[in-house]
Amino acid sequence: MLINTVILFLRDALPILVLIAYLYAHLPKSQSWLLISLVASAILSLIYINQIHTIGQWFGGIGIELSLWFSQLLVYLLALVLACGLTFPKWSNRYFVYWVTGIMVSLTIVSKGSNFILYFNGYLNQSNVLQSMLLGTFLGLGICLSLAILLYLAAQWLKQRCGLWATWLLVLIYATGQLVNAIPLLVQIDLINASTTAWNSQHFLSNEFEFGHLFNVLFGYQATPSIAQVVVYVCALTLPLAIFYWLNLASTTHSGNNQ
Amino acid sequence: MHKWLGYIPLSLGTLCVLGCFPVLAAVTEYHVQLKDHLFFPSRITIPANQKVKLIIENQDNTPEEFDSFSLNREKVIFANQKATIFIGPLQPGEYNFFGEYNPNTARGAVIVERQKLKMPNAH
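Respectively, the protein sequence lines represent chains P and V. This note's numbering numbers the first residue of the first sequence as 1312 and each following residue consecutively. This note's numbering numbers the first residue of the second sequence as 304 and each following residue consecutively.
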């Protein structure tokens, strides 16, 4: 049970902490947005778990997959809204940005954190597991926090060297990876046909290994991605980059002409 | 200026859901039971290049998460409930799966074979 708990933390807590680390580095220093988002997430997660059987029955039994996929899509779209805040002054209101990041964190915690509640709720009442689960929690949380702190420091360094666009790029890569990771949810409920595998790098770096898992969280690495995942990944990453690069170029030229 | 900017996230979101929607067709069903944190049968043989429906019944009083890296599947199965997962079309080979909450005991594999199969556990 100890190892299971550690693995569960690496799989589900690491994505939450990585996102928080990136956003914490990206935003102006303030802890209130994080505290409010954590409280809101805890309440939303409890509501989600309480209603999970009802949600599961939606649309003929595919409600959970749809809700999880939709939350990842929203996180990705909110990452794009963050870039609008960097491009246009009227979108860069501090409170608006806090709201956007707060919702991103809350959605991620609800979608990933609900797994913890299910796990602990299901197994804590078994005898002789409390000690190993608690130990696993401390170990798992310790590993995830250490990685998150390292990533936060790396993001801070990038922000000082290259500016806010660098930390936004980290957020975009993370959100794109999570979005692509959610595509199999639609395939497993037979909503889309996207099972054709693009390549198989299991023997090179499997997702079962620690680095495979870490890369999966950081940029959505998949050892056996489908063609649809590759196409969505490339489009979801390159299109916003091209669009915002062009918009920045256009606004720079526009302000130059006005002067 | 840039009034159309708000459409960017929407358009990209639409792009993400683009895909070929499945054509309605009969899909073979395979049943798997989960009891005492063990899958029965633990090896399921399915035909290659064909989509199949896996119905997993959790007979334990604890939840379990069906997980497979090679199949790219992940699904929570609540205590004493059933869950459905579509897999395939797959190339011949062995695709391992496990229960995320009990990975030491709850283990199994989907064996994909090319030949036409007689499927005793298919319904």
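Hints are computed from structural coordinates only; laboratory data are not their basis. Wrong hints could be hidden among the right ones.
Said to hold, decoys possible - Under 10 Å between C-beta atoms, here's a sample of chain V residues computed to sit facing chain P: (1) Arg-346; (2) Thr-348; (3) Glu-360; (4) Glu-368; (5) Leu-374; (6) Asn-375; (7) Arg-376; (8) Glu-416; (9) Arg-417.
Claimed, not checked - Within a straight-line C-alpha distance of at most 20 Å, the following computed DMTMM-like cross-link-like pairs (lysine to aspartate or glutamate) qualify: (10) Lys-378(V) x Asp-1323(P); (11) Lys-378(V) x Glu-360(V); (12) Lys-354(V) x Glu-332(V); (13) Lys-378(V) x Glu-332(V); (14) Lys-385(V) x Asp-1501(P); (15) Lys-338(V) x Glu-416(V); (16) Lys-354(V) x Glu-1519(P); (17) Lys-385(V) x Asp-370(V); (18) Lys-385(V) x Glu-416(V); (19) Lys-356(V) x Asp-339(V); (20) Lys-385(V) x Asp-363(V); (21) Lys-378(V) x Glu-416(V); (22) Lys-385(V) x Glu-1519(P); (23) Lys-356(V) x Glu-397(V); (24) Lys-354(V) x Glu-397(V); (25) Lys-354(V) x Asp-1323(P); (26) Lys-356(V) x Glu-1519(P); (27) Lys-338(V) x Glu-360(V).
Each residue gets a CB set at the ideal place from its N, CA and C atoms; glycine is no exception.
Now for the hints, and whether the structure bears them out:
no. : hint                     : result
1   : Arg-346                  : violated, 19 Å
2   : Thr-348                  : violated, 18 Å
3   : Glu-360                  : violated, 14 Å
4   : Glu-368                  : holds, 7 Å
5   : Leu-374                  : holds, 8 Å
6   : Asn-375                  : holds, 4 Å
7   : Arg-376                  : holds, 5 Å
8   : Glu-416                  : violated, 17 Å
9   : Arg-417                  : violated, 16 Å
10  : Lys-378(V) x Asp-1323(P) : holds, 14 Å
11  : Lys-378(V) x Glu-360(V)  : holds, 12 Å
12  : Lys-354(V) x Glu-332(V)  : holds, 10 Å
13  : Lys-378(V) x Glu-332(V)  : holds, 17 Å
14  : Lys-385(V) x Asp-1501(P) : holds, 17 Å
15  : Lys-338(V) x Glu-416(V)  : violated, 26 Å
16  : Lys-354(V) x Glu-1519(P) : violated, 25 Å
17  : Lys-385(V) x Asp-370(V)  : holds, 15 Å
18  : Lys-385(V) x Glu-416(V)  : violated, 26 Å
19  : Lys-356(V) x Asp-339(V)  : violated, 23 Å
20  : Lys-385(V) x Asp-363(V)  : holds, 11 Å
21  : Lys-378(V) x Glu-416(V)  : violated, 24 Å
22  : Lys-385(V) x Glu-1519(P) : violated, 26 Å
23  : Lys-356(V) x Glu-397(V)  : holds, 17 Å
24  : Lys-354(V) x Glu-397(V)  : holds, 15 Å
25  : Lys-354(V) x Asp-1323(P) : violated, 29 Å
26  : Lys-356(V) x Glu-1519(P) : violated, 24 Å
27  : Lys-338(V) x Glu-360(V)  : holds, 9 Å
Checked against the numbered hints given earlier, the structure breaks hints 1, 2, 3, 8, 9, 15, 16, 18, 19, 21, 22, 25, 26 and satisfies all the rest.
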